[in-house]
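Q: Here the protein sequences come in this chain order: X and B. Under our numbering, the first sequence has 69 at position 64, and the numbering climbs by one with no breaks. Under our numbering, the second sequence has 249 at position 15, and the numbering climbs by one with no breaks.
Among the hints, a few may not be true.
[Stated by the list, open to error] Stretch-level coverage of chain X by chain B, calculated; a stretch enters the list once three of its residues show a Cβ under 8 Å from a Cβ in chain B:
1. 12 to 24
2. 29 to 39
3. 42 to 49
4. 54 to 61
5. 67 to 78
6. 97 to 109
[What the hints assert, rightly or not] Restraint-style ranges between C-beta atoms, simulated for each label pair:
7. Tyr273/B / Phe55/X: 38 to 46 Å
8. Gly307/B / Leu95/X: 46 to 54 Å
9. Asn240/B / Glu8/X: 22 to 30 Å
Simulated from the structure, these hints should not be mistaken for lab results. Positions of the beta carbon are idealized from the N, C-alpha and C atoms, including for glycine.
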Amino acid sequence: MTEILIRFVVGGIVVSFFASLGDVLKPNSFAGLFGAAPSVALATLALTVFKEGPAYAQLEARSMMLGAVAFFFYAWLITWLLMRKNAPALLATSGSIVLWLGIALGLRFLIFS
Amino acid sequence: MRVGLNFAGFRQTRWYEYAIRFLFGGAITAITGIIAEHYGPVMGGLFLAFPAIFPASATLVEKHEIQRKHKLGMHGTSRGRKSAGLDAEGAKLGSMGLLVFGLIVWQTALDLRFWMVLLTATAAWAVISGVLWYLRKAKFFLRTHHHASEAHQ
């Protein structure tokens with residue numbers, strides 16, 4: 006339970022830091038880079054190394070690359086929905102998470118099964 | 235448009251919006267740990283690139299742009315969505331930097347001190363994302379310049 010709480014606090018701080026950087030940067034397309042900042046990865050990997058060692062973190066990082074590919078298609082779909090279809094941001098960003106899950110899990114079973 | 239700082243962004247963001255980001259970020263980091271513990275590092279690692287904060291950020295961009303247009307007496311819904319779309323365009327490029335981040339950690343985790351691994355990977359994310367953003371912007375400029383020249387002729 007303590008470990009989950011530590012992860013929660015560290016993750017919250019790191020994610021908030023990168024999100025705040027995105028707030029003060031302009032233009033929007035540049036600030037958007039911080040929407041794909043490695044915030045969760047930094048918080049998780051740092052804590053993982055202490056508990057499980059670098060070999061475990063290495064395996065997580067290898068899978069993370071598949072998650073990043075899924076993120077690319079997720080962001081591509083949202084760009085299309087918002088710019089071309091004028092969809093509401095909350096609907097587009099939340100609904101497209103299904104695409105992220107599909108691609109990330111699909112690649113995981115395709116490549117590492 | 236040049237890259238710059240706009241500290242008005244801090245003033246536009248309300249305290250509960252910061253709280254939402256903290257909660258989302260904290261929750262996904264905790265959940266990633268739980269997934270890795272139950273299903274192993276291969277499954278848990280996927281969620282290191284989960285778009286944890288992006289829905290909240292893009293929704294805020296849309297909302298702030300609509301508020302800004304309302305103050306000017308305009309509707310602003312469409313402009314707000316376009317602004318959020320530009321944010322997503324940036325995230326698309328950032329995700330390629332995220333891929334390089336993962337590649338560097340994967341390749342160097344056993345060879346370097348881990349703080350150095352994370353520092354190098356984060357720097358690589360920033361450089362790759364920034365360069366891609368610049369290249370995309372430059373290409374866009376050339377294209378609009380080309381169209382402008384055509385229109386002029």
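Q: Take the hints in turn and mark each one as holding or not.
A: Hint-by-hint comparison with the structure:
Counting residues of the stretch 12 to 24 of chain X whose beta-carbon sits less than 8 Å from any beta-carbon of chain B gives 12, enough to reach three: the coverage restraint holds. Closer than 8 Å: that is the beta-carbon criterion, and the stretch 29 to 39 of chain X has 11 residues meeting it against chain B, so the requirement of 3 holds. Evaluation of the coverage hint for the stretch 42 to 49 of chain X: fulfilled, as 8 residues show C-beta separations to chain B shorter than 8 Å, against a requirement of three. Look at the stretch 54 to 61 of chain X against chain B: 5 of its residues bring a Cβ nearer than 8 Å to a Cβ of that chain, three or more, so the hint holds.
Counting residues of the stretch 67 to 78 of chain X whose beta-carbon sits less than 8 Å from any beta-carbon of chain B gives 11, enough to reach three: the coverage restraint holds. Counting residues of the stretch 97 to 109 of chain X whose CB falls under 8 Å from any CB of chain B gives 6; the rule of at least 3 is met. The supplied range of 38 to 46 Å is broken by Tyr273/B and Phe55/X, whose beta-carbon atoms lie about 21 Å from each other. Between Gly307/B and Leu95/X the Cβ separation comes to about 25 Å, which falls outside the hinted range of 46 to 54 Å.
Hint check: Asn240/B to Glu8/X, Cβ distance near 38 Å, so the stated range 22 to 30 Å is violated.
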